[in-house]
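Based on these hints, arrange chains B, C and D on the given structure of chain A.
There are 4 protein chains.
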Amino acid sequence: MMSVSKEEQSTPTIAFIGLGQMGLAMAGNLLTAGYRLRVWNRTPDKARPLLERGATLANSPTEAAAAGTGIVITMLTDDGALNELVHGAGGFASVLGPGMVHISMSTIAPVTAEALAADHVGRGAGFVAAPVFGKPDAAAAARLVICVSGDPDAKARVAPVLAVLGHRLADFGDNPAAAPTIKLAGNFMIGAAIEAMGEAFTLAEKTGVPRHLVNELFSSTMFACPVYQNYGKMIASRHYQPAGASPALIRKDMRLVLEHAARQQVPMPVASLVHDRLTATVAKGVKGVDWTAFVEEVSISAGR
Amino acid sequence: MMSVSKEEQSTPTIAFIGLGQMGLAMAGNLLTAGYRLRVWNRTPDKARPLLERGATLANSPTEAAAAGTGIVITMLTDDGALNELVHGAGGFASVLGPGMVHISMSTIAPVTAEALAADHVGRGAGFVAAPVFGKPDAAAAARLVICVSGDPDAKARVAPVLAVLGHRLADFGDNPAAAPTIKLAGNFMIGAAIEAMGEAFTLAEKTGVPRHLVNELFSSTMFACPVYQNYGKMIASRHYQPAGASPALIRKDMRLVLEHAARQQVPMPVASLVHDRLTATVAKGVKGVDWTAFVEEVSISAGR
Amino acid sequence: MMSVSKEEQSTPTIAFIGLGQMGLAMAGNLLTAGYRLRVWNRTPDKARPLLERGATLANSPTEAAAAGTGIVITMLTDDGALNELVHGAGGFASVLGPGMVHISMSTIAPVTAEALAADHVGRGAGFVAAPVFGKPDAAAAARLVICVSGDPDAKARVAPVLAVLGHRLADFGDNPAAAPTIKLAGNFMIGAAIEAMGEAFTLAEKTGVPRHLVNELFSSTMFACPVYQNYGKMIASRHYQPAGASPALIRKDMRLVLEHAARQQVPMPVASLVHDRLTATVAKGVKGVDWTAFVEEVSISAGR
Amino acid sequence: MMSVSKEEQSTPTIAFIGLGQMGLAMAGNLLTAGYRLRVWNRTPDKARPLLERGATLANSPTEAAAAGTGIVITMLTDDGALNELVHGAGGFASVLGPGMVHISMSTIAPVTAEALAADHVGRGAGFVAAPVFGKPDAAAAARLVICVSGDPDAKARVAPVLAVLGHRLADFGDNPAAAPTIKLAGNFMIGAAIEAMGEAFTLAEKTGVPRHLVNELFSSTMFACPVYQNYGKMIASRHYQPAGASPALIRKDMRLVLEHAARQQVPMPVASLVHDRLTATVAKGVKGVDWTAFVEEVSISAGR
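Protein sequence lines, in the order shown, are assigned to chains A, B, C and D.
Take the first sequence: its letters are residues 428 to 731, numbered as in the working numbering.
Take the second sequence: its letters are residues 428 to 731, numbered as in the working numbering.
Take the third sequence: its letters are residues 428 to 731, numbered as in the working numbering.
Take the fourth sequence: its letters are residues 428 to 731, numbered as in the working numbering.
Excised from the complex, chain A in its bound form (with noise of 0.2 Å):
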């Protein structure tokens, strides 16, 4: 949590919508910041535990939205989840307007974040990109890094929201695009970590040097940064757990870097290396590992 002044929260309600893995811790330390919340997901179970502490569970997202303190935020799986959310059945575009702000923190598509922005601006209301990282246990611990872009006073008036939910805030400016962009070159730097480290330990293996010994060099000297030692870890045991993100999730966001690449006419040959590996696990049917498994690629096309 970072040091923020916490006068403005005191009692304002919130729409959250999208209770997975993330959006459950981090809407459980929203509550426990003292701010009122109205959830919605798609299976409503989920949201128990909110509930029980407190929070109102909405009929669909235009109540949990209408209800609010005008701020809604959404942590969706994908962009079509979001995009249904927000103009689909019951969506709750039409219920924003002046004085409203919806952060979406999720990973899209910098198009998707756009593409809302415009159409938010068109209801006099804010819409701010606010994607994260980190995983579920981050975000319990509001350790998140969360990544702002969009309209500078809709960003100013949810940061004390977002300063409940993590311990650094990012701004890269006014354009809604960015902080997306910045979530994905993120996930595909990671990629691009795995796959190195997968090429290294996998010539040091097949040269007789057990992979472990290679990670425990790397990641506590040149590259001794979360990254390489996490993903380091489960590439030098070549055991894909805990699965955080699937393969397949992940796939998607690779895909998402390489259109918006194609869009800003940026050739980014590793990204395309990491797309073809996870389209190639998921091709094979490989389930219930991390995404790091993709790994296994380098491992298989090398006789191992």
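Hints were generated in silico from the structure; no laboratory data involved.
Using N, Cα and C, we set each Cβ at its ideal position, and we do this for glycine too.
One or more of the hints may lead you astray.
Stated by the list, open to error - From the derived model, a few chain B residues whose C-beta atoms are all more than 10 Å from chain C: (1) A460; (2) R463; (3) K473; (4) P653; (5) Q656; (6) L676; (7) Q692.
Said to hold, decoys possible - Footprint (simulated), chain A over chain C, 3 or more residues, beta carbon under 8 Å: (8) 679-689; (9) 701-707.
Frame of chain A; chains B, C and D shown alone:
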């Protein structure tokens, strides 16, 4: 400098061959630690600072090696130079014998290490592969990370000497090819990280986000480690100074990576890509910049 | 022109929408074969040569389609244009009904074909995907290769019309997505051949062998076929004229290839590479050349 | 067989070294054309069919070369074998002298050709690089395509001999490295075509279009040439028989391509990919199939 008993180090003479930026700094630390040095370099002028501090200049690698404690350290540009100094005219192979150990500290092909080890064993001498991670400033500060592999007795014998040169010694076992493989793997991983940052930063930049903002976020969170921090700064600013290792030099290392990977039957697509980027950089005549400048190829391909 | 019974072709009127270089040549052949045409083009001026030969100009796609035999041919730049003409304001979807068949002859996404087929079936009409291989001169000479797929009855109905436009009709079954896939696969294979020639010719050139010598040998022996002969000449001379399809246009096709490949879960690394080459070409602002010019990226990366 | 004056060919003896499938067929044609042969092979049994037709068996490469007309033909597996037969114990370099020409007809590294040419010139002898395109059946039918380069006098001298072996002689100039480069470039282009067909056919197949339908269309239209027709059949059927060159053998060729490309500073990403596919094939222990089988890697990565 590591805390290793220095008893053995009181007075013996070490032959030190190869006085480039790295070698000079390392040799200086050996003098500081009380070792006597007999040095040789192709251009003898470079030895002056050491001679002023008491080192002796040898007229040939053979002369340097013959008169020592039995420890010969080589720190040369490439495998060709090393092989020439060992096996060529005036090469020191002829004076190797029981009680002597050759420590090869430059980046060499694993096969070269194997061949030298086999050669030296045939002469009753030992071979220790001990390539290092760290730039000249780290060498000067005795803060190198040293990877060793080779004959256990030889390694034990030279451990105190290596302790003077670095702050971390990572042992990769008996196979002389192991440590050189780890060194190549590490350089490859740095190259992969550079490429990944280049793709990510360029995507952000073309979406309107300044490169340095991306770098600041990632190098202080998920990627808060030396490689991303140091190289990230150059990539964010697109100013590839100071020029450490040249594109041509590290391109040579990437060839060694790919040759070793071919021999061990490990497809390494990112290594191929990094090699190709460096080839393009060299082919275009780019000079006077750090090898990190290969990442400009990403910008160029994106029309920047 | 294929030898197909022409009975059905005696007098009926066909709606022809899209009069670019290809469409104009194809429509001309239909007039020659005795069909009456009702044509529409975004810029009506292009229709003049056809009007002089008796074709009628429609004021909208709807008007063109409504007054015909029930056969509507579309030959448009991209999926967006096609969807607009079908479903947009003045689009002809509203007039489709029993007895009508829409033949889509441009290069479109397989998913677009599926969506159009589903839409048309819902209206009682038929949809035939019939993309073509061949440049405008082949279109003018009725020497197109036409790939068809879709509903068998609809295909049978339009076979005589297609016979007028090409000299080869290849049937890929009932799936409307099949023929568009083959068209994309073919364009990809051409792109791959261009890239391969570029790499091979550049290697030869930098070894001192003139590019045209390599091209002459291969295009008259192992690779004695139109793609290598026609594109090889441009690549050997590095003169990418006449400018047929632009880099931007075929880049769009390669995006369709990659999107379809992602959907079908097929990693296609060479397609990714060709797409990236085209992206670099477009990003650099290269214009007025044939798309083959993407192969200059090979030369550039080799310092030429 | 090409129409070249055969005067010079009346009776002279040629040394023929290397009697694999290719060499045996070629040597047979020389006998048919009236040449006397002195042959050598590591396993002498292979020479039997030639001995029965009048060839003489030499006890060493030196003996074979010493007694000839001054023309020595080598047709060996790789550069190592060639260098051994030239420079090793019993190697024929020692007997080379004025009036002699060594024709190297196997696939070798351009640098090896350069080194041999320099060596032979130093002895007053000539060197002609004359690698061939064609399988054993083409060799038997004297329908090889022969690429030559080297000293003009030496080339003129051996032209009638080469005319017996092939139906097309392509001269790439004086540089002994030129013809070997073209041979490597050609093998690379075949590999690229195989990969491209693999990606295209797999995309079609996963869209429901049988592979053979795609192959039939393309190999009879845009790609109606031997490479696509012959390899396409194997790729369409996924039956990689008969096993011509093995994956391991052509992987060696692709290493030569990449080594030469590195030396000439030409990034060749498709060559890297084909090499990696072959590496995966070899690493997995795939045997008894034609090298075309590397394309199975495409299917595997698509979950097929």
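Taking the hints in turn, this is what the structure says about them:
no.: 1; hint: A460; verdict: 46 Å, holds
no.: 2; hint: R463; verdict: 48 Å, holds
no.: 3; hint: K473; verdict: 32 Å, holds
no.: 4; hint: P653; verdict: 30 Å, holds
no.: 5; hint: Q656; verdict: 29 Å, holds
no.: 6; hint: L676; verdict: 18 Å, holds
no.: 7; hint: Q692; verdict: 19 Å, holds
no.: 8; hint: 679-689; verdict: holds (count 3)
no.: 9; hint: 701-707; verdict: holds (count 5)
Checked against the numbered hints given earlier, this structure breaks none of them.
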